[in-house]
Each structure stands twice: as C-alpha cells, then as structure tokens.
Amino acid sequence: MTSVEELPAWSEPFATDRRERLARLPALDSIDRTWAWGGSTGGGVSIAIIDSGLEANHPEVKGRVVETLAVRLGGERATVEPDDMGDLFGHGTACASIIVGMAPEVDLVSIRVLGSDLKGKGEAFAEAMEYAIHRPVHVANLSLSSKSEALFPLFHQLADEAYFSDVVLVSAANNVAGPSYPSLFSSVISVAAHADADPWRFYYNPSPPVEFGAWGVDVPVAWRDGGHTIATGNSFAAPHITALVALILAKHPGLTPFEVKAVLAAVANNPREAALAG
Amino acid sequence: MPMEPTPDSTDSILHAALLTIREAARRGLVASRFQPDAEERLLQSIVDATVRLFEAEAASIALFEHNPDRLEFRVASGPHGSGAVGMTVAPTDGIAGYVFSTGEALALSDVASDPRFDRAAAERTGYVPRSIAAVPLISDGETGGVLQVLDKRSAPSFTMRDMELLAVFASQAGIAIAATRVQRDLPTLLAAALRAVEPSLDQAALEALLHAAATDLDPVAEAPFWRLVDEVARLRGLGANELELVGDILQVVAEHRSHRGRGRYR
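Respectively, the protein sequence lines represent chains A and B. Per the numbering used here, the first sequence starts with residue 1, numbered consecutively. Per the numbering used here, the second sequence starts with residue 1, numbered consecutively.
Simulated from the structure, these hints should not be mistaken for lab results. Take these hints with a grain of salt, some might be off.
Claimed, not checked - A short, non-exhaustive set of chain A residues, derived as facing chain B with CB atoms under 10 Å:
hint, residue
1, ARG72
2, GLY75
3, GLU76
4, LEU88
5, LEU114
6, SER180
7, ALA195
8, ASP198
9, TRP223
10, ASN270
11, ARG272
Just so you know, these numbers come straight off a predicted model, no measurement behind them. Backbone N, C-alpha and C fix where the C-beta goes; we use that ideal spot for every residue, glycine too.
Turn these sequences into a full structure, and let the hints guide you.
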C-alpha cells in the first residue's frame with residue numbers, strides 16, 4: 001500500500017490515503033437531467049458573450065448584464081475596457097437572449113470584439129478570451145472563430161489555459177473547411193445546428209470535430225434596437241449549450257470542463273438503444 | 001526602350017530581371033486586354049447561378065474595398081436584385097457587415113415584420129426582403145466579401161442545407177476572386193517579383209524600378225501595339241477558317257516587314 005510520501009508529485013492524488021477526494025460525479029449511467037440541472041436557474045454563474053456587443057436594456061436580457069466591455073487595440077498592448085456602444089449588429093444580444101431564456105438568473109459580461117476600430121479581429125478576439133479566462137467567468141460563449149492559421153498557437157494556448165482554469169469555452173462550429181480556432185480544438189465544446197425547434201433538445205456526436213448539436217434553425221431571438229427576428233446558423237446553436245452549461249455549473253459548482261462535457265453527453269437526446277445493444 | 005547595361009554585376013542581374021519583368025508585365029497587360037472585366041463576369045455568373053439554384057428573388061455580391069473601408073455591391077441577379085448594384089455600406093453595417101466582420105454565415109427570416117430591422121439599407125435597394133442568407137467569401141483565411149441571397153420562393157426561410165451549399169459555392173468564389181485580383185493588380189505583382197529577386201531592395205529603389213519597368217507600357221495610350229491587341233481580342237469569336245486566314249495575313253505582314261527591316265532596330 002503506497003502512501004503519499006513514496007510517490008512523485010503528479011501521482012499524489014491517486015495515493016491510497018488521498019483517493020476519497022476523487023469522489024465527484026456519480027456513475028454516468030446514474031446521471032439524468034434532474035441530477036444535472038433540475039431546479040437550476042443559472043444563478044451565480046457568469047457568462048462572457050464575446051461578440052458584437054450587447055444591448056443591455058433590451059427586454060430579453062434586462063437586469064442580467066453585469067458589464068459591457070470592448071477590446072481596445074492601437075496602444076502597445078490590447079486592453080479590455082468599459083464600452084457603451086451597445087450592440088453593433090444585434091448578434092450578441094440574440095445569443096444572450098437565447099441563454100437568458102433558458103437560464104434566467106445568469107450574469108452576463110459582454111466583450112465586444114467587432115467594429116470599425118477593431119480591424120485586426122483575430123488579436124481582438126484573443127484578447128477578449130484572455131480577459132474572460134483571467135477575470136474569470138465560468139463560461140464563455142464564442143460565436144466566431146479565427147480563420148488565421150498564423151494564430152493557431154495563440155488560440156491553442158488560450159484554449160488550454162481556459163480548460164485548466166475551469167473556464168468552459170462553448171464555440172460555434174464553422175461550416176467552411178479550413179482553419180477555425182478555437183472551435184476545432186478538442187478542449188472546447190464545439191456546437192453545430194440542428195433543425196428541431198426545441199431549445200432543450202441536443203445531441204452528442206462522437207465523431208469530431210463538432211461534438212454537440214443544438215437548435216440553430218429558425219430560432220426566435222432578440223435583435224438590436226429592442227427588436228426581434230428569426231435566425232439560423234451554428235452561432236445560434238452554441239448559446240443553447242452555453243445555457244445548459246450554466247445550469248449545470250449553478251447546481252454543481254466546481255465541475256471541470258471535462259466533467260461538464262461528460263454530463264452533457266450523458267443526458268443528450270442521443271438514441272440509446274444502439275448503445276445498449278453494444 | 002532598352003536600359004543601358006552597367007559594369008556592376010549586381011546591377012546587371014537586376015537589369016536582366018527587369019527585362020524579364022517588363023516582358024511579364026507586357027504579357028499580363030495583353031492578357032487583361034483579352035479578358036476585360038474578368039472579375040465582374042465571374043461574379044455575375046456566381047449570382048446568376050445562386051438565384052437559379054435557390055429559386056430566389058435576388059442574390060448579390062459585395063466586395064471589400066479600401067480607402068475608405070467599405071463593402072461595395074458589385075453584381076446582383078434575380079427579378080429584385082438590380083437595385084443593390086453600386087450600393088456601398090460600411091463594413092460594420094447590417095447582415096453583410098456582420099458576415100464580413102466575423103467570417104460566419106448567417107440567415108434571418110421574418111425580416112420585414114420588424115419595423116426597426118435594417119430598414120434603411122434595404123429600402124435603398126428598392127426591395128425589402130422577407131428572408132436573407134449571407135455567407136462570407138473567404139480565401140487564405142481572409143474574408144474578401146459577402147454573398148447574399150434574398151427570399152427563397154419555395155420556403156419562408158433558409159435551411160442548414162441551404163447554408164452549407166451556399167458556403168461551398170462561396171468558398172469557390174472566394175478563391176477565384178482572389179486569383180483574378182492578383183493577376184489584375186500589376187504593381188503588386190511587379191513588386192512581389194522584384195522583392196523575390198532582390199529582397200534587400202528599399203522602398204525608394206523598388207518604386208524607381210517599378211516606374212522604369214512600367215514606362216511606355218501605359219495601356220491607356222493609343223499606341224499602335226495596343227490597338228492591334230484590341231483588334232486581335234475582338235477576333236476571339238471567329239470560326240476556325242477565319243482565324244486561319246487572319247493568321248496567314250499576319251504571317252505575310254511579318255515576313256514582309258522582316259525583309260524590309262533586316263538589320264534595323266525596332
């Protein structure tokens with residue numbers, strides 16, 4: 001029987017006298033939606049909306065917006081600062097309305113990374129992710145991905161940093177072949193769209209790179225200037241998963257991104273008969 | 001006019017490179033005379049095909065241009081498309097602006113029912129759509145423009161399959177557009193070629209060489225050579241027998257000239 005003093009440091013958690021601390025998730029086949037998020041409203045969970053901004057007084061998100069920020073480029077270093085430009089396009093507000101509709105007590109932190117002042121948008125996007133990881137937030141909803149191969153190392157490093165800091169990154173998949181970072185990384189929760197009009201219906205896909213499918217076709221959403229529209233795209237599927245992640249974390253604080261992904265997979269609407277037939 | 005050769009070996013390497021580049025430039029200009037507006041016709045064929053494929057009321061392509069930064073609607077198709085051509089929007093405006101800025105595809109339906117929605121931009125085109133799908137034109141990781149489709153006649157909104165087809169179409173277009181732009185942009189091509197030959201060239205030297213290379217290649221001038229190129233371009237539609245006749249005539253002229261001009265400099 002080994003004790004902690006006889007093992008190198010990384011093996012320490014597995015020493016016989018330490019193993020009770022590993023009690024975390026119940027067995028996967030005993031995880032259902034009641035365990036995962038039953039009764040949860042997302043209270044206490046902070047979500048970064050990294051997008052076109054956020055219309056804080058829109059009726060769909062009113063009362064939930066904690067901070068509205070934007071990336072500032074142009075100095076020696078990029079910074080993230082308070083911003084009152086609202087939502088440049090409406091897209092950030094649309095995503096936020098989906099999230100608040102399912103998790104009504106979350107806290108929203110908007111980081112605007114789009115705009116005429118942010119032409120080097122890859123760098124702005126990276127800066128926003130860095131800010132979200134260190135602030136920290138619990139979850140970041142990423143509707144866009146960088147198409148630049150040159151920024152692969154930077155985004156890979158940020159995705160790892162988020163993963164190991166217990167910040168869950170939910171990233172909309174991109175339909176076009178080619179670089180798409182961080183949505184293509186294994187450490188993020190990547191989401192594509194299905195057409196079933198049910199915000200609670202989602203699927204886990206074991207064939208990468210897109211691991212989850214959520215409602216993303218003809219989704220009623222908020223839009224800018226207090227408006228509404230009906231929207232289609234992978235970037236409207238991601239917020240549905242972001243909301244579920246928020247509900248899970250509000251009920252089970254401290255879960256790691258890996259555990260969150262496992263819980264999602266366990267309660268997804270995947271057909272189960274095939275798995276049992278094994 | 002030929003440049004005077006110099007005794008310095010670096011200069012003579014540059015001189016040889018310069019003559020080669022002049023020849024490439026000349027051929028490039030001839031090619032562009034043969035295919036004027038190649039980019040425009042390519043874009044038009046894409047929006048025409050888009051309208052047919054989706055049975056849509058309109059489709060348009062906007063390309064990003066600098067100074068000032070803007071999205072310019074270059075071509076349109078469909079019974080309600082023409083109002084968009086020539087329109088300019090800021091790259092931070094509306095659906096096209098979002099798709100251009102993020103490189104992400106997007107579709108909205110039920111657009112017309114919300115009175116605040118993008119009304120001003122739509123009204124400038126003379127047509128307010130019910131539904132819009134927009135995808136980025138991407139090549140080499142850069143978004144160069146946006147392809148938009150309005151109002152699929154057979155359905156109130158665009159499906160994910162529609163978006164995927166549109167995106168495949170758009171990625172081909174993005175690559176092709178980038179290719180025609182490089183060929184057309186002669187100064188950029190020459191600068192790239194000169195830098196490849198001599199990477200240590202500073203900006204002043206580069207500009208001096210570019211100026212020397214482009215001298216008397218001005219395609220705007222009514223030089224006989226360019227008039228001839230234009231005439232030959234017009235012959236492209238001829239049948240095989242007529243082209244053979246033209247070839248024979250040119251050969252006679254060339255041989256007559258070489259008899260007369262033997263020993264004389266051009």
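> Which earlier hints can't be squared with this structure?
Replying inline: Going through the list in order, the structure violates hints 1, 2, 3, 8, 10, 11 and respects the others.
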